[in-house]
Structure formats: C-alpha cells, structure tokens
Amino acid sequence: MNPSLPANLIETLSLIMVITSVAAVEMRRLKLSAVAYLCQALLMVGLLVTFGSVNPALYWWAGTALVTKAILTPWALFRFLRGRDDREVKPVIGLGPSVVFAGVLMLGFYQLTHGRVTLLAPTEMAQLEVFRTNLAVASTVFALGLYAVLTRRDAFKTVIGLCLLENAVHLSLVSLAPELPETAVFGVATEVVVTVFLLLYVIDGVRQEFGTTDTFQLRELRR
Amino acid sequence: MVTETSIIPAVTFLLPLVAGAPVLLWKRIDRRVQQGLPVLTAALVTAMGAWMAHKVLGGVILTTWSNELRVDGLSALMVVVIGTVALMASVYSIRYLRTEALIRRVGEAAAERRTRIFYGLVLWFVGTMLWGCVTNNVVMLYVAIEATTLTSGLLVAFYWDRRALEAGYKYLMLLTIGITFALFGCVLLYAAAAATKQLPGASPMLISEIRRVAPLIPGGTAAFAMAFLVIGFGTKAGIAPFHPWLPDAHAEAPTPISVLLSGVMIKMALYAMVRTVSIFYPAWPQVSTFLVALGIFTMVFGIVMAMSQDDLKRLLAYSSVSQMGYVLAGVGLGTYLGCYGGLYHLLNHALFKSLLFLSVGAVIYATGARRISELSGLRHRMPITSGCFLLGALAIAGFPPLNGFWSKLTIYLALAQAGLWWAAVLAVATSVLTMIVMVRAGIRVFWGKPRTAAVAESAVREVPAVMWLPMATLAALCLLLGVYPQVAYPLLDRAAAALATLGT
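As you go down the protein sequences, you meet chains A and B in turn.
With the first letter of the first sequence counted as 1, position 221 gets the number 1103 in the working numbering; the numbers rise by one all the way through.
With the first letter of the second sequence counted as 1, position 446 gets the number 632 in the working numbering; the numbers rise by one all the way through.
Simulated from the structure, these hints should not be mistaken for laboratory data.
Incorrect hints may have been included.
[Claimed, not checked] Reference listing, derived: stretches of chain B covered by chain A, where coverage requires no fewer than 3 residues with Cβ under 8 Å from a Cβ of chain A: (1) 267–275; (2) 341–347; (3) 378–390; (4) 399–408.
[Stated by the list, open to error] Chain B is nowhere near these chain A residues, computed Cβ spacing over 12 Å in every case: (5) Met909; (6) Val949; (7) Leu954; (8) Ala958; (9) Phe960; (10) Arg969; (11) Arg1104.
In this text, a Cβ means the ideal position worked out from N, Cα and C, and glycines have one as well.
Build out the structure end to end from the sequences listed, making use of the hints.
Below, the structure written as structure tokens:
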C-alpha cells in the first residue's frame, strides 16, 4: 500500500474518534451516548474512505461500516431508547473521577501503543506514522470500551462499551490486515450488528422482568 | 498424508444451517417436522463425520474451497463428537420440551412459538459449531465461534424468566467481550504470517499455512497473539478465571441445550484455542507449561466450587469447568501422549457429561425439582435414570473400568512423563474430589428415604423411552470406551498426531 496519505486529516479524524469514545462512555443521557457512538461510526467510515484513497479495497470496508455501524446499530440503539427515560443508571465511578480516569487511560494507551507499535504490528507498513496513529487510536478506543463495560451498571451502556470494543478491532484491521478479504470483513461486521440486536432484545426482556436495566440488580442466580 | 478435495466438509456444516432456516422462518411448519429435522440432520452429520474419520484413517486430509475447509484427524473427531451429542440431545428434546410445565411457565401460544424457534436455533447452533471445526481460515474460525454464541444466546434465555434472562444477558455479553480478544489474536496471527513473506501463492489466513511460518513470527507479536487467543477462546471454553458465564448459562438453559453447551460447545472453543496456540509450541515451549498450569488451576477451582452446590445443574456446570482443566492440561502439554490423553478426555467428557445432564434433566422432568436438598429416594421410581447417573458419576470420577479412568490415566502419565509431578498429583487429587462430589450427589438424590410427598406417593415415574434411550446409549458408549479403549485409538491417534508439536 502506498503510504502517501493525508496525515493531518487522519490524525484529526483519529483524535475526534477518541473524543467520541470518551463522550459515549461519559454521557449520562443514553440518547447522547448513542449520538456519540453514531458520530464515531461516521468518523470511522471517513477514516476508511481516507485510507481507501491508497487502497481501494477499503472502500468496500467503508461501505460495510456505513451500513452496519452507522445505520443499523444506531437504529437499534435509538429504537431501544424510544419513549423511555434515557437517564443512565448511576455508574460505579462518579463523573469527575471517571473523566479523569478515562483521560489517563486514553493518554496511557495511546502513548504505549504508539511507542511500542512493533509488538502489535509485525509489518513494515504498519510502523509508518499514519498507521502507528491508527493502531494507537484503535488500542485507546479498545481500552475505553473495556473501561465502559467494567464500570457501567446500565446494561445499555455496556452495549455501547461493546460497540467501542468492536470498532477498535475493526479499525486496527486497517493497519494490521488491509488485504483481508471482503468475506471476512463482512462476516466480522455483520456479527457485531446481530450481537447488538440480540443483546438489546435480551436487555429489553430484563427491563420488563426486573423493572430496570441496572446490571447490579441481576442477582437472581446468586440466591 | 494425501490431500483430497471433497464437498463433504462443506455439506457437514451447511446441512444444519439450511435445515434450520425453514424451521425458523416458516411459522406453520408441522411439529413433527420441527422435531424430526434436528434428529435426521444430526444423524446425517454423525454419518458424514464417520465417513470423514474413515478417510482420515486411510491417510487422507479432506479439503474444500481451496483449502478454506480442511478436515484432518482432529477435525473429524470433533465432527463425530458434535454429531453424536447433537443426535442424543435432539431425540431427548422431543419429549422434554412437550411438557405441561413449559406451557405453564411461558403460556400456550408462547410455548408453540418458542418450541419452533428452539429447534431452528438448535440446528443453526450445531451448524456453526461444525463450521468452526472444519474451517482452516483463522478469521472465519472467529466468525464461526462468535456465531455459536449468537445462535445459542436465545436458547440460554429460552424460558424468558428472571433467571433465564440474567443468564442470557451474561452469556451474550461476557462471551462477546471475550471473543473480541480472540479476533484481535486471529488478526495478529494473519498479519504476522503475511509479514514473514514466506508464503508465496498461499493465503496467510489459512491455519495450516500459518503453522508453517510460525517460528518466523517475532516474539513480541507471538506473545500478544497467544495472550489474546487464550483469553478469547479460553473464555468460551470455560477456562478459569474466564468462566463466570458458564455455571449460569449451563444451569438455566433447557437441559438439551445444557448438553450441547457442556457436551460440545466448550470443547469446540478449546479446539480453536489449541489449534491456534499450539502452532507456537516448537518456538515457545514454555507456553505449554503455562497452559498446563492454567489447566490445573481450572480443574482444582472447578471441583472446589462444585462441592458447595445444591443445584444439580450448577454442580454439573462447575464440574465441566473442572473437566475442561483436564483436557487443557493434556493438550496444553503439546506432546503426543498429552494430546492423546487430552483429546481422549474431550471425547469421554462429551459422553459422560451429556449423560449426566440428561439424567438430571430426567429428574427435573419427573419431579420438577433440581436441588439436591429437595430430592431423595428416586432409585425405585426411576431405576434407569438412577443407573445412568451413577454410571456417569463413576465415569467422570475416573473409576475403572469406565472410559474416564483411561483418559485421566493417560493425562497423569503424560504429566509425569513431562516431569510435571506437581501437576499429576493435583490432577489425581482433583479426581478423588470429583468422585466424592458426584457420588455423594447421586446417593443423596437417588438413595435414602423419599423426602417429598410426590416421590413417596408414587407420583414420580421413570421418564419415557424417547428420553431414557439417549441416556442408555451414552451410558453404553461410556462402558464400551472403558472396556475396549482401543475402539477409539485409531482416530485419537490421528487427532493427537495432528495437534502434537512437542516431543513424543
């Protein structure tokens, strides 16, 4: 792949992508959290299109991401929230400490991956600056997604965390496996959508049975 | 080994997927067709598995679609195991789901709809498991394994009550998070293999090709890939400490699903783990020690947790965690003897754990109870079930001459041969604890004086033949593989040879 890419544009999109991750995790209104996720999905499509200027195979990825991550997944998220109170169940960590922690996590992971990219990226191409940035952003989004899953009590928010995890892995493929066949990309992307649909379906059942989406209230099996 | 192109590996996994579609989509499909299709499909899959095993024993590796699918001894073994267990679970389901209890629990209309969805998803679940076992593509391996989670998620939450929903949510969430790590691992494997530039004309996505260039993969990348693969596939395989989803899901799912989860799904995930991680053994032999240690920790942890369970299904679920530790300790060694013992135990555990879950399901079907403290004295009312449970309990405990004895003995010997005496001692100690836990549960449930009025007043009866026949068949197989362990030798030999990469 020819590395003559618009580095400034990629870095800007990447930076905003990290910010949308923090927003998706920290927003206390679930609808805003879903909006942040939608923005991230669109940014991801933009990044894939940008990388596609030197590797046309990535246009297909961008199309797949647009349908699965920017249309179907947000549709499922907003449909779940329609007509319901969208205030998040109070998380384990309060807003202030959580933002600080997420910031530290963000900087730590970015620096770590950017500085030691050879451990993760065995190819010469992936060690070029734009791809280093891409991998560093992917690992940062991954860490933030994991942080959301571990510290959020609201089941809807854990789904958002899961979506961030999946976005991160998908983004890393640009640097690690740009030659990945379309069938594999399609398989990976489709499964994410099905996972989100199924999880929201089960969470809806949880809400009907338990009267809440607070995962701390799921203690029936401990009795 | 000679490579031969065949469409059978593709048919093996496509057949259940195709058969499941009309069951799921056609609302007016006849009940007998719903019940018959999984039975017929599982029987055909078992037959195709036997045919593929026969070909493998003749020195042939079957491939399809330019090596995208590849069946060697290990894959053939997995297909036979999945087919057999799916057949038993499908036959058992015919009566197990047709209960007044289900209608009372979910309502008549919902019972009809859910039964149809149940059979359709079972077929897809079996199909995706088979896909994972025949694919040679490392990314499709991830896709197949995640697909098993998606097809079984609603089966775990089948009853749609508080307990089932809690189990279903945890199952879907934890396994998807776990498997995301595996995706990272699979992608790293692919990228690292491609970067070696030693695969001209071959795809670096094929596991058989990655294996060839694995020694050339940089150490740091290999370490990251292995860590991600162990966490990802290990979560799905129920390896401690990634197991928390397992007791909930296995206990709350309908019994035939518990059989598929405990009998084959977790093994299929372990298959994926060792298939990918074992390629690094020659260059990184220390990985095998780590996997053995993880296996020993899992076996001890699982049985300790099982000791305090009052719920029979949770007890069996924790016991599955423990038994997966044995399998991991065996195949984790990487030696031929270790792989042979581990895979032999994988086969045996599929048989006796399915038998135990079906027996417990029979108790639930007959009494409506599943807590040990609520049950007693069922021996006279349910002689076949009690006999099957006891045989399964002795087999899982490694009591001679049943099948579990031989596979555990092989694992002990393999650990001792590798100089890991501490591991062998802990494995023997865990086996003793397993004997205590399982036999104690059996005695308390089936022997002693009846505690409940239903049992005392003869309201409890043996389950119908369509339910005890699969149990009796599995019991007979446990006995057969114990008395004539050489029956399984040829296929296990090929499977172990395909996996073993260290020593002899």
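Ascending list of hint numbers which this structure does not respect: Violated hints (numbers, rising): 1 and 11; every other hint is consistent with the structure.
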